[in-house]
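Chemist: Using the sequences and the accompanying hints, generate a full structural model.
Quick note: the sequence shown uses my numbering, first residue 840, plus one each step.
One should not assume that every hint holds.
Lysine-lysine pairs mimicking BS3-like chemistry, simulated, CA-CA at most 27 angstroms apart [what the hints assert, rightly or not]:
1) 895 x 955
2) 964 x 903
3) 909 x 881
4) 903 x 955
5) 964 x 951
So the derived label-pair ranges between C-beta atoms look like this [said to hold, decoys possible]:
6) 938 x 958: 19 to 29 angstroms
7) 923 x 885: 16 to 26 angstroms
8) 967 x 929: 18 to 28 angstroms
9) 953 x 862: 21 to 31 angstroms
10) 959 x 890: 25 to 35 angstroms
11) 969 x 864: 28 to 38 angstroms
12) 930 x 899: 19 to 29 angstroms
13) 922 x 961: 21 to 31 angstroms
14) 881 x 841: 16 to 26 angstroms
15) 950 x 930: 15 to 25 angstroms
16) 901 x 939: 16 to 26 angstroms
In case anyone wonders, no lab produced these hints; they're calculated from the structure.
In this text, a Cβ means the ideal position worked out from N, Cα and C, and glycines have one as well.
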Amino acid sequence: MKKENSLALVSDLIILARADDKVTLSEYDFIMRLAFRMDLNKKDVDQLFESPLPTKSSFSELEKITHFQKLVLLMNVDRETHDKEIVAIKNFGLKMGIREGVINQVLMQMEKYEDKVIPSEELIKIFKTFYN
Numbered sequence: 840m841k842k843e844n845s846l847a848l849v850s851d852l853i854i855l856a857r858a859d860d861k862v863t864l865s866e867y868d869f870i871m872r873l874a875f876r877m878d879l880n881k882k883d884v885d886q887l888f889e890s891p892l893p894t895k896s897s898f899s900e901l902e903k904i905t906h907f908q909k910l911v912l913l914m915n916v917d918r919e920t921h922d923k924e925i926v927a928i929k930n931f932g933l934k935m936g937i938r939e940g941v942i943n944q945v946l947m948q949m950e951k952y953e954d955k956v957i958p959s960e961e962l963i964k965i966f967k968t969f970y971n
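Modeler: As structure tokens, this is what we get:
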């Protein structure tokens, strides 16, 4: 993944984590683990916490799915889902060009799974249903 895309994803994660006016330790740890996997360092992440980047709107279909999945994972990592986070995640999805029906279906389906983690195969099925 290009550094520009990695920074955009981490920035979106930070904005989502702040949606309920607090960043929990589990959210921070999740963001840091993903950032390190994408070859970003603590300085990069700290900069984004200080000044998040605007949401990127041009993604390939696979990037949209994986980006949105990471946002959903972050939203549920602290085992609390706030209305402000739901609004924020819907806005992120729409900005990325994801259909509202897909977003709503993902949010409904996540309730069926332990820790609200939708298996990747199920997430892909949801996207395929709406895009085929």
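Chemist: So which of the earlier hints does this model not fit?
Modeler: none
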